[in-house]
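Chain by chain, the residues:
2 protein chains.
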Amino acid sequence: MPNAAITLTLPAWIEQEFDPAQVHAGNEARVALAIRLARRNVEHGTGGPFGAAVFDADGHVVAYGVNRVMPESCSVAHAEMMAFMGAQTKLRRHRLNEGGQRYVLATSAQPCCQCYGASFWAGIDELLIGARSSDVMELSEFDEGPLPADWIGELERRGIAVRRDILRDEAREVFHLYARAGGSSY
Amino acid sequence: MPNAAITLTLPAWIEQEFDPAQVHAGNEARVALAIRLARRNVEHGTGGPFGAAVFDADGHVVAYGVNRVMPESCSVAHAEMMAFMGAQTKLRRHRLNEGGQRYVLATSAQPCCQCYGASFWAGIDELLIGARSSDVMELSEFDEGPLPADWIGELERRGIAVRRDILRDEAREVFHLYARAGGSSY
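So the protein lines, in turn, are chains A and B.
The opening residue of the first sequence carries number 220 in the numbering used here; numbering runs sequentially from there.
The opening residue of the second sequence carries number 220 in the numbering used here; numbering runs sequentially from there.
No lab work stands behind these hints, which were simulated from the structure alone.
Each hint should be verified, as a subset may be incorrect.
To be verified - Not everything, but these chain B residues come out facing chain A in the computed CB check (under 7 Å):
#	residue
1	His313
2	Pro367
3	Gly378
Computed from a prediction, not measured in an experiment: that's the story for all the values here.
For every residue, glycine included, the Cβ atom is placed at its ideal position computed from N, Cα and C.
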């Protein structure tokens with residue numbers, strides 16, 4: 220039989236984190252949620268130390284993502300990809316902002332080469348980043364992969380604003396937690 | 220409710236294309252299959268004009284992929300991503316070649332920036348490409364996105380051999396077929 224369907228899941232604890240009425244106002248509140256998801260994912264042992272979320276213009280969460288590479292046996296299942304796919308499934312469109320509304324992705328750490336590339340097609344208007352790639356590679360064995368030399372400019376020229384170093388220290392701390400928990404890279 | 224699960228499917232006709240006993244010997248036979256999947260996807264109206272497949276070292280198909288962006292409302296569902304996720308699901312490991320066996324991805328057209336990035340983590344040893352990105356952008360409105368300047372070298376330095384221009388004319392022809400079918404870009 221060929222491969223007919225692929226199913227990717229988020230961990231059950233995600234539901235307890237969800238408050239549809241909550242407004243996450245401002246960049247710090249949005250990245251703080253992404254970092255909290257990354258921490259919870261380590262604490263629950265449900266994937267790698269990465270979290271992300273898609274927000275609408277009002278600051279409501281559209282979709283969550285955490286790293287699920289190991290539990291799902293899927294190299295695609297990075298936090299940002301899970302958040303993009305979750306938001307698109309929920310809104311039933313492959314480009315989130317095609318209707319003219321604005322969407323933001325907040326991520327606990329700079330997207331790797333895969334998630335960077337995916338950011339161009341997902342339909343986001345802004346990318347909010349906690350830790351830098353250099354932090355990830357200093358504090359863990361995760362590889363971030365190659366990016367275009369002017370990776371921020373490439374996004375901004377296509378209408379995706381980039382803000383980084385948001386709660387960077389808190390974002391870095393997740394990798395210390397992960398190391399103390401005995402995490403290995405994948 | 221938060222986004223609990225994401226399911227991505229391949230079209231039903233894929234099953235008829237599948238012959239588990241068939242050996243696809245050589246690069247041309249492997250890219251020919253990827254191109255055939257791309258053509259079939261256009262003919263059946265089940266997604267964009269892109270096909271891909273993962274092969275084991277003997278030339279057996281491990282998993283197929285076709286573009287499913289529109290039918291699945293998912294910007295991640297490019298042919299290469301579907302093939303990677305399908306192969307990983309089937310073999311139950313997030314890095315296909317971690318056991319020491321070799322795997323090849325054949326794709327009808329050069330991977331876009333997302334699929335390029337994903338290729339580093341999927342666990343393939345070789346990437347076989349039909350049409351160039353310049354062909355895709357000449358013959359359709361699809362955007363391929365930004366890559367590192369030395370995109371081939373970045374793959375090869377990480378152990379992924381790249382062969383391109385394999386059946387390039389046949390691969391280009393799929394985009395003419397797509398245009399005649401009235402396809403729009405996505």
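Going down the list of hints, with the structure as the test:
| no. | hint | in the structure |
| --- | --- | --- |
| 1 | His313 | holds, 5 Å |
| 2 | Pro367 | holds, 5 Å |
| 3 | Gly378 | violated, 12 Å |
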